[in-house]
Amino acid sequence: MRGVRAALATMVVAAVVMPALRQSPRDGFPLSTYPMFASDRGREVAVATAVGVRGPDDVVRLDPGTIADSDEIMLAAATVRRAVRTGVEARLCAEIADRLAGDTAIQAVEIRTETYDAIRYLADETAPDAITVHTRCEVPGS
Amino acid sequence: MIAMEADALAERLRIVRVLVGCFATGYLLVRLPHLLGLSRFDETRFAPVGVLAPLDHPIPPALFQAMVLGAIGFGVAFTASWRVRGTGPAFAVLLLVVTTYRNSWGQVFHTENLLVLQVLVLAVALALPRPDPAFVIRLLALATVATYVVSGWAKLRSGGWEWALGDTLRNQVAYDNVRKAALGAPYSPVGAWAVGHGWLFPPMAVAALAVELGAPLALVRPRWGYVWVAAAWGFHVGVLVLMAIVFPYQLLGIAFAPLLPLERVPAWIRARRSAPGRIRPRPSGTPSVP
Numbered sequence: 001m002r003g004v005r006a007a008l009a010t011m012v013v014a015a016v017v018m019p020a021l022r023q024s025p026r027d028g029f030p031l032s033t034y035p036m037f038a039s040d041r042g043r044e045v046a047v048a049t050a051v052g053v054r055g056p057d058d059v060v061r062l063d064p065g066t067i068a069d070s071d072e073i074m075l076a077a078a079t080v081r082r083a084v085r086t087g088v089e090a091r092l093c094a095e096i097a098d099r100l101a102g103d104t105a106i107q108a109v110e111i112r113t114e115t116y117d118a119i120r121y122l123a124d125e126t127a128p129d130a131i132t133v134h135t136r137c138e139v140p141g142s
Numbered sequence: 001m002i003a004m005e006a007d008a009l010a011e012r013l014r015i016v017r018v019l020v021g022c023f024a025t026g027y028l029l030v031r032l033p034h035l036l037g038l039s040r041f042d043e044t045r046f047a048p049v050g051v052l053a054p055l056d057h058p059i060p061p062a063l064f065q066a067m068v069l070g071a072i073g074f075g076v077a078f079t080a081s082w083r084v085r086g087t088g089p090a091f092a093v094l095l096l097v098v099t100t101y102r103n104s105w106g107q108v109f110h111t112e113n114l115l116v117l118q119v120l121v122l123a124v125a126l127a128l129p130r131p132d133p134a135f136v137i138r139l140l141a142l143a144t145v146a147t148y149v150v151s152g153w154a155k156l157r158s159g160g161w162e163w164a165l166g167d168t169l170r171n172q173v174a175y176d177n178v179r180k181a182a183l184g185a186p187y188s189p190v191g192a193w194a195v196g197h198g199w200l201f202p203p204m205a206v207a208a209l210a211v212e213l214g215a216p217l218a219l220v221r222p223r224w225g226y227v228w229v230a231a232a233w234g235f236h237v238g239v240l241v242l243m244a245i246v247f248p249y250q251l252l253g254i255a256f257a258p259l260l261p262l263e264r265v266p267a268w269i270r271a272r273r274s275a276p277g278r279i280r281p282r283p284s285g286t287p288s289v290p
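Going down the list, the sequences are from chains A and B. Each residue of the first sequence is one higher than the one before, starting from 1 at the first, in the numbering used here. Each residue of the second sequence is one higher than the one before, starting from 1 at the first, in the numbering used here.
For reference, chain A alone in the conformation it holds in the complex:
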């Protein structure tokens, strides 16, 4: 019985620790490398997001439910980032526009990457330093 216990304890520790000891750690679940606060992102950060366009220079932030059909902020962020990275941003744009169908105030959706000096932005509430629009699509019925 003592041997079984020792084996179990070793297995638990090894399972939790092993992902972090790999040459090129890769995050997983539930065994994780817990990379979330580890690497330095610097002050200049790029955020992939989706916005609603009401008119020239008039955009409105869309909530995670509209962007990713989920109340999870991180999932919304990951969804846009992944869409941009894998080249399916037009498809995501159309999905979001469909969710906004009938909203007469929002004419179009833009999938963008916004660049910020994160610390300055939080202090001054300024606009992004740079905006790259990946795609734009019209909202049906707007």
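Hints were generated in silico from the structure; no laboratory data involved. Just so we're clear, the structure is a prediction, and the values are computed from it rather than from any experiment. Idealized CB from N, CA, C, for every residue including glycine.
Interface residues of chain A toward chain B, partial, derived using beta-carbon atoms under 10 Å: (1) 33; (2) 42; (3) 64; (4) 72; (5) 88; (6) 95.
Far from chain B, some chain A residues (derived; all Cβ distances over 12 Å): (7) 56; (8) 102; (9) 104; (10) 105; (11) 107; (12) 134; (13) 135; (14) 138.
Let chain A serve as the given structure and place chain B on it in line with the hints.
For chain B alone, kept in the frame of chain A given last:
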């Protein structure tokens, strides 16, 4: 003395199982709309991890929904101590698959890892013939401590001891809040204020590393364990305040339950109830004493 300690640990294990089972089952119930909603997601978003990594396509909706409901059913049975040797492993496997599936859409959340690990450990250990409560409690504590050490190690591996200078943490807090703002979500006003005061972050970074890398000390002596639990809980409060990120399992203290003398709680409650001078509600119709 030894028999008394064994009884106390058996009681602690019973309380831990009920707490973990209640939380896990309640969590599935609270997140039920989100979990059932995963079936609506576009297949291009599917990025399987963990035990689901070999999958090429999402799980058929009806099958996944059956697994979610099955996990809830087995979770109730496990919590109620009904045939734990069978229902425990079934609950653990279904919880693992359901939460892994939830984490398989491009984002690993890190808020459920320890919950799933502890349920797996509990289920396997309680399924053994004649499980030793002291060993199961120790194993749960070991899993908890190991996750924090890995988290601390990740910081050192990525940034070296420079991580303790606080710049990485400050930039991370700023990034996280800006990302929330850009995605139309509420962000932490405290975090937004704090990043403007760089001197706050070196002590916070040192404290975070101390909590994570110092976690094994919690296993050395019970009192050290209590101190560590308080520090780790404070760490998660800090994450909540600075980044509006909720680790519910940790914030409710259930993640740390194996390290706490919960077996004393029922006796403490009984003593409080029977304490002399305690004001008891008067039966109706009893005249009050002037």
